[in-house]
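S.K.: Protein chains in written order, with my numbering: chain A, 5 to 337; chain B, 5 to 337; chain C, 536 to 743; chain D, 536 to 743.
Careful: at least some of the hints might be erroneous.
Said to hold, decoys possible - Sample of chain C residues at the chain A side, in silico, Cβ under 10 Å:
| # | residue |
| --- | --- |
| 1 | Thr561 |
| 2 | Glu562 |
| 3 | Gly568 |
| 4 | Gly573 |
| 5 | Ile607 |
| 6 | Thr609 |
| 7 | Val610 |
| 8 | Ala613 |
| 9 | Gly655 |
| 10 | Ala702 |
| 11 | Pro705 |
| 12 | Gly711 |
| 13 | Ser714 |
| 14 | Tyr715 |
| 15 | Leu716 |
| 16 | Gly717 |
Said to hold, decoys possible - Partial list, derived from the structure: chain B residues whose beta carbon lies under 10 Å from chain D:
| # | residue |
| --- | --- |
| 17 | Val82 |
| 18 | Thr84 |
| 19 | Pro86 |
| 20 | Thr149 |
| 21 | Glu225 |
| 22 | Gly227 |
| 23 | Gly289 |
Keep in mind the hints are simulated off the structure, nothing from the lab. Ideal placement from N, C-alpha and C gives every residue a C-beta, glycine not left out.
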Amino acid sequence: MKKLINSPDDVVQESLRGMEAAHADILKVNYDPAYIVRADAPVKNKVGVISGGGSGHEPMHGGFVGRGMLDAACPGAVFTSPTPDQMEEATKAVSSGQGVLHIVKNYTGDVLNFETAADLCQAEGIEVEAVVVDDDVAVKDSLYTAGRRGVGTTVLMEKIVGAAAERGMSLKEVADLARKVNAQGRSMGMALTSCTVPSAGKPTFELGEGEIELGIGIHGEPGRERTALKTARELVDYMGEAIFSDLPYKSGDDVIVMVNGMGGTPLIELYLLYAELERVAKARGITIKRRLVGNYITSLEMQGFSITALKCDDQMVQLWDDPVHTAGLRWGV
Amino acid sequence: MKKLINSPDDVVQESLRGMEAAHADILKVNYDPAYIVRADAPVKNKVGVISGGGSGHEPMHGGFVGRGMLDAACPGAVFTSPTPDQMEEATKAVSSGQGVLHIVKNYTGDVLNFETAADLCQAEGIEVEAVVVDDDVAVKDSLYTAGRRGVGTTVLMEKIVGAAAERGMSLKEVADLARKVNAQGRSMGMALTSCTVPSAGKPTFELGEGEIELGIGIHGEPGRERTALKTARELVDYMGEAIFSDLPYKSGDDVIVMVNGMGGTPLIELYLLYAELERVAKARGITIKRRLVGNYITSLEMQGFSITALKCDDQMVQLWDDPVHTAGLRWGV
Amino acid sequence: MITLSQILAWISQLDAVYTENKAYLTELDSAIGDADHGINMARGFSAARKALEESPPADIGAALKAVSMTLIKTVGGASGPLYGTVFLKASVTCMGQETIDEEGLERLFSEGFRGVQQRGKAQVGDKTMIDAWDPAVTALKEARSSGGGVAAMLQAAAAAAEAGRDATVPLVARKGRASYLGERSKGHQDPGATSTALLFAAARDTLS
Amino acid sequence: MITLSQILAWISQLDAVYTENKAYLTELDSAIGDADHGINMARGFSAARKALEESPPADIGAALKAVSMTLIKTVGGASGPLYGTVFLKASVTCMGQETIDEEGLERLFSEGFRGVQQRGKAQVGDKTMIDAWDPAVTALKEARSSGGGVAAMLQAAAAAAEAGRDATVPLVARKGRASYLGERSKGHQDPGATSTALLFAAARDTLS
Ligand SMILES: Nc1ncnc2c1ncn2[C@@H]1O[C@H](COP(=O)(O)OP(=O)(O)O)[C@@H](O)[C@H]1O
Ligand SMILES: Nc1ncnc2c1ncn2[C@@H]1O[C@H](COP(=O)(O)OP(=O)(O)O)[C@@H](O)[C@H]1O
Ligand SMILES: [Mg+2]
Ligand SMILES: [Mg+2]
Ligand SMILES: [Mg+2]
Ligand SMILES: [Mg+2]
Chain A
5 MKKLINSPDD VVQESLRGME AAHADILKVN YDPAYIVRAD APVKNKVGVI
55 SGGGSGHEPM HGGFVGRGML DAACPGAVFT SPTPDQMEEA TKAVSSGQGV
105 LHIVKNYTGD VLNFETAADL CQAEGIEVEA VVVDDDVAVK DSLYTAGRRG
155 VGTTVLMEKI VGAAAERGMS LKEVADLARK VNAQGRSMGM ALTSCTVPSA
205 GKPTFELGEG EIELGIGIHG EPGRERTALK TARELVDYMG EAIFSDLPYK
255 SGDDVIVMVN GMGGTPLIEL YLLYAELERV AKARGITIKR RLVGNYITSL
305 EMQGFSITAL KCDDQMVQLW DDPVHTAGLR WGV
Chain B
5 MKKLINSPDD VVQESLRGME AAHADILKVN YDPAYIVRAD APVKNKVGVI
55 SGGGSGHEPM HGGFVGRGML DAACPGAVFT SPTPDQMEEA TKAVSSGQGV
105 LHIVKNYTGD VLNFETAADL CQAEGIEVEA VVVDDDVAVK DSLYTAGRRG
155 VGTTVLMEKI VGAAAERGMS LKEVADLARK VNAQGRSMGM ALTSCTVPSA
205 GKPTFELGEG EIELGIGIHG EPGRERTALK TARELVDYMG EAIFSDLPYK
255 SGDDVIVMVN GMGGTPLIEL YLLYAELERV AKARGITIKR RLVGNYITSL
305 EMQGFSITAL KCDDQMVQLW DDPVHTAGLR WGV
Chain C
536 MITLSQILAW ISQLDAVYTE NKAYLTELDS AIGDADHGIN MARGFSAARK
586 ALEESPPADI GAALKAVSMT LIKTVGGASG PLYGTVFLKA SVTCMGQETI
636 DEEGLERLFS EGFRGVQQRG KAQVGDKTMI DAWDPAVTAL KEARSSGGGV
686 AAMLQAAAAA AEAGRDATVP LVARKGRASY LGERSKGHQD PGATSTALLF
736 AAARDTLS
Chain D
536 MITLSQILAW ISQLDAVYTE NKAYLTELDS AIGDADHGIN MARGFSAARK
586 ALEESPPADI GAALKAVSMT LIKTVGGASG PLYGTVFLKA SVTCMGQETI
636 DEEGLERLFS EGFRGVQQRG KAQVGDKTMI DAWDPAVTAL KEARSSGGGV
686 AAMLQAAAAA AEAGRDATVP LVARKGRASY LGERSKGHQD PGATSTALLF
736 AAARDTLS
């Protein structure tokens with residue numbers, strides 16, 4: 005394993021130190037328990053919005069802490085859900101009496117740990133609503149599975165819901181909006197290469213020279229199928245179809261999309277993929293109103309990409325355009 | 005070779021299409037000859053600032069086209085200097101009569117092609133000044149080589165000089181400032197893995213499981229030495245020493261720094277490296293006034309990083325803080 | 536009679552066992568999960584052992600409660616709350632007790648099991664740690680009702696947990712991260728069932 | 536006498552040769568450069584051939600000028616302006632001519648060589664294409680002054696270019712991208728000297 009680290013056990017903590025030093029104008033870091041919080045938290049008269057999850061997906065979530073997006077983020081060990089004490093302390097740190105929204109990705113670990121945290125917070129008199137993101141069309145949603153995984157829609161939700169909270173919407177309004185975003189968002193990913201969890205020391209899976217994994221999860225979980233390498237055009241056709249036919253999105257729909265790199269994909273390829281996505285959307289009569297192209301929800305050094313589409317209305321677009329000032333997204337300020 | 009492309013020959017052009025579609029508010033793309041230009045070019049009464057170089061270093065340079073930075077960028081084939089016709093057309097497209105600055109990285113190809121372009125432009129009555137960036141301390145600077153390579157300082161120069169042009173400084177002032185930035189900027193890079201040029205189809209070099217290349221160039225050119233894997237701390241100590249002792253930077257100096265990913269390095273590692281750089285700077289009494297941590301001048305999917313330090317004065321910091329609105333850097337707007 | 540010091544030895548042993556099997560459990564989790572189960576378990580139980588050493592507990596209930604709190608705070612993932620719940624529910628059965636007998640042992644494990652079942656909502660056959668827990672607790676009860684002592688109970692439980700672990704191999708996962716794999720989860724042994732089998736084996740070796 | 540159609544055949548042949556040697560030249564450039572020399576040359580000469588086919592030139596000078604412009608516009612990198620200069624300076628020696636004789640051939644190559652030397656400022660021994668150009672042009676002149684015809688001149692030039700190419704192997708690069716390698720450039724054959732040797736070999740095969 006070749007990584008730019010000192011020791012696998014110290015990666016998360018040492019990275020947090022760098023993040024804090026680099027973005028002192030935006031955020032502060034608490035180390036025990038670990039959470040990243042807006043420099044000006046708690047913001048008076050505002051619903052708090054927090055999220056969290058395993059590390060290794062940077063900039064998500066810590067890079068989305070700041071004005072107009074998250075109030076705090078709880079980083080777990082690499083690819084491992086954070087623990088309830090982190091979530092509880094983060095919730096307290098951002099609570100200004102208007103309640104706190106927990107944005108939780110649908111993984112057994114994340115859900116269980118956030119459940120415990122919500123119980124602890126409610127016992128302390130802080131109102132908490134939790135919204136679970138489950139947008140990954142690559143896995144079957146049925147009563148007989150843990151349901152769909154939470155992936156790219158999380159980023160769009162954090163932006164839109166963060167703006168709503170910043171505008172002064174109530175906890176219930178913010179939570180309802182978050183549920184609407186989840187209901188209207190769909191994602192799918194693929195990988196050319198595996199990632200390597202630092203403490204595991206070797207790749208999570210092996211792909212041959214001509215092989216790819218379609219429907220990969222953000223922790224290197226296998227997806228729909230292992231198949232032969234395809235062109236960018238074929239991939240976006242396939243993944244676009246899987247996403248757009250799932251909701252389904254109809255001709256005339258407006259969407260916000262994200263073409264997301266898994267961490268090891270060069271930007272030149274992401275733009276090329278975005279051009280393909282424009283083509284696919286256009287062919288279906290779907291209009292891309294806003295977009296992100298870059299590394300937003302990653303899997304360490306994995307090469308690959310994911311597509312997220314969110315069917316949007318005017319309110320969502322306006323909230324999207326609202327000012328945001330985080331390490332990972334910044335406009336209007 | 006596994007890449008998210010359609011065919012090696014079409015990568016640059018198709019990626020430009022995606023870039024144009026994704027950032028229509030900021031830029032336009034001309035395809036024949038290829039250049040990326042500010043949507044509002046030419047800006048009246050402003051010195052034009054253009055740059056260019058091989059593709060595969062995204063977001064540089066196209067991602068730095070926009071208000072407060074570059075007026076245009078000329079993308080060559082992957083890792084290959086663009087051609088004089090591109091530079092000439094781009095120069096004409098941004099010229100508003102105040103002259104145009106060419107920011108050229110010190111590679112034989114880039115220098116020769118920009119020289120021809122400058123001749124062509126001057127023949128057409130456009131005043132052109134060219135500034136060559138040669139900041140890479142990894143290679144010896146002597147009369148008997150092509151001199152140092154131009155790397156990370158290019159990004160800082162484009163920001164600072166772009167702001168100066170936006171403020172209305174003259175061509176001579178802007179060019180002098182660019183030369184000062186070059187004189188006070190130093191960089192060094194390293195690689196954990198090679199990159200693969202799409203049309204070459206296989207990695208430019210091979211590194212063993214425990215091997216790294218210290219002093220790598222942004223085109224996968226070998227550097228100072230091939231050596232055993234080191235910790236982040238050791239790497240930043242070594243590269244920090246190479247950079248800070250070169251100018252030399254002294255205790256009490258202020259700097260703007262960049263910890264730059266080579267394209268395949270996860271952000272979690274870049275932040276960790278930034279924490280190490282803060283430590284090294286502090287130990288030398290050097291104050292980091294501003295910083296970038298992320299992928300800014302990349303080598304396709306290479307894993308590795310580079311450090312750039314620019315000794316700065318108040319004027320440079322103010323120009324740094326000036327508004328910028330590009331695909332790759334955005335603040336103050 | 537199981538003493539507090541045996542319980543402490545059990546936790547020490549779990550630290551050793553999970554540290555030793557860190558790569559193995561992580562390897563299993565690579566195949567159908569996210570390659571961290573061994574890392575999670577080793578981190579959690581080494582913290583638990585340290586916690587018990589730093590503030591020695593007064594009784595078995597307190598010891599199990601401390602283990603639970605440490606697991607909840609340090610493990611994360613699915614296994615943190617699940618094993619945390621096991622030890623939390625187990626601790627309630629023996630608060631203030633310095634020793635436990637056969638009946639206490641049965642209650643300890645059956646309450647722990649009930650807790651993890653309620654928390655994770657998995658059924659036998661879903662290819663989770665429940666596939667090791669369920670037969671282990673059943674075997675433990677049967678051994679006691681047919682007159683076995685602590686050693687026999689734990690012997691039976693450990694053997695049943697191992698059989699349950701092995702039985703996960705052909706199953707299609709329906710809970711946890713492995714469920715995303717659907718049919719492709721077949722042919723792989725569940726990491727959580729494996730760590731549960733190790734937990735019972737360590738109990739057999741330290742509590743008998 | 537060299538005719539226009541021979542010149543066109545030469546360019547066609549260069550397209551074929553560089554396409555065939557694309558991987559080889561790129562491989563050489565991987566070792567001490569940035570892995571694009573073969574790609575650059577193949578792109579440039581296939582465009583040059585196409586340009587000549589699309590607007591057939593009236594004379595040799597016009598043909599060489601068109602090649603030069605195409606190389607400058609399509610190759611990029613160091614080799615684009617360098618080979619572009621070769622053909623530009625060469626074209627000046629034979630503008631309006633439909634054939635060239637031995638003297639014209641010597642002028643064509645020696646002017647081309649002078650151009651690339653001035654442009655790139657490299658000396659013999661710097662491990663660049665100059666190391667193939669210099670002996671090739673010297674040999675061409677010598678062959679003529681010792682009474683050789685076109686065939687003998689090109690035969691000698693091609694052989695000398697190949698020897699010059701081989702002589703780059705032990706050198707330390709002092710110009711171009713390879714110079715960044717310092718001592719580590721030793722033991723590698725220069726890609727540009729190799730493409731120059733191919734250029735002379737193709738001239739021998741098509742212009743004789
Ligand atoms: N709902 C559940 N009920 C019981 N056990 C579960 C459940 N979900 C997952 N598990 C167990 O957890 C194990 C994975 O634990 P671990 O790898 O530490 O967490 P994560 O899946 O969050 O990375 C699985 O092998 C499985 O045995
Ligand atoms: N200053 C120079 N003078 C003559 N030839 C040069 C000079 N610099 C580089 N070259 C030649 O150019 C070749 C590299 O060409 P190419 O790979 O196409 O361009 P780049 O180095 O820009 O990628 C080298 O092998 C060398 O022979
Ligand atoms: Mg996990
Ligand atoms: Mg090149
Ligand atoms: Mg796991
Ligand atoms: Mg080259």
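S.K.: For each hint, tell me whether it holds in the structure or not.
M.R.: Structure-based check of all given hints:
1. Thr561: holds, 5 Å
2. Glu562: holds, 8 Å
3. Gly568: holds, 7 Å
4. Gly573: At about 8 Å, which falls below the 10 Å cut-off, the nearest Cβ of chain A leaves the hint on Gly573 (chain C) intact, so it holds.
5. Ile607: Because about 6 Å separates Ile607 (chain C) from the closest Cβ in chain A, which is inside the 10 Å limit, the hint holds.
6. Thr609: For Thr609 (chain C), the interface hint holds, since the closest Cβ of chain A sits about 7 Å away, which is under 10 Å.
7. Val610: holds, 7 Å
8. Ala613: holds, 4 Å
9. Gly655: holds, 7 Å
10. Ala702: For Ala702 (chain C), the interface hint is violated, since the closest Cβ of chain A sits about 18 Å away, which is over 10 Å.
11. Pro705: With Cβ-Cβ at 17 Å, over 10 Å, it is violated.
12. Gly711: holds, 5 Å
13. Ser714: holds, 4 Å
14. Tyr715: Holds, about 4 Å.
15. Leu716: holds, 5 Å
16. Gly717: holds, 6 Å
17. Val82: holds, 7 Å
18. Thr84: Hint on Thr84 (chain B): holds, closest Cβ of chain D at ~4 Å, below 10 Å.
19. Pro86: Result: holds, 6 Å to nearest chain D Cβ.
20. Thr149: holds, 4 Å
21. Glu225: holds, 5 Å
22. Gly227: holds, 7 Å
23. Gly289: violated, 32 Å
When the structure is compared with the earlier hints, violations turn up for hints 10, 11, 23 and for no others.
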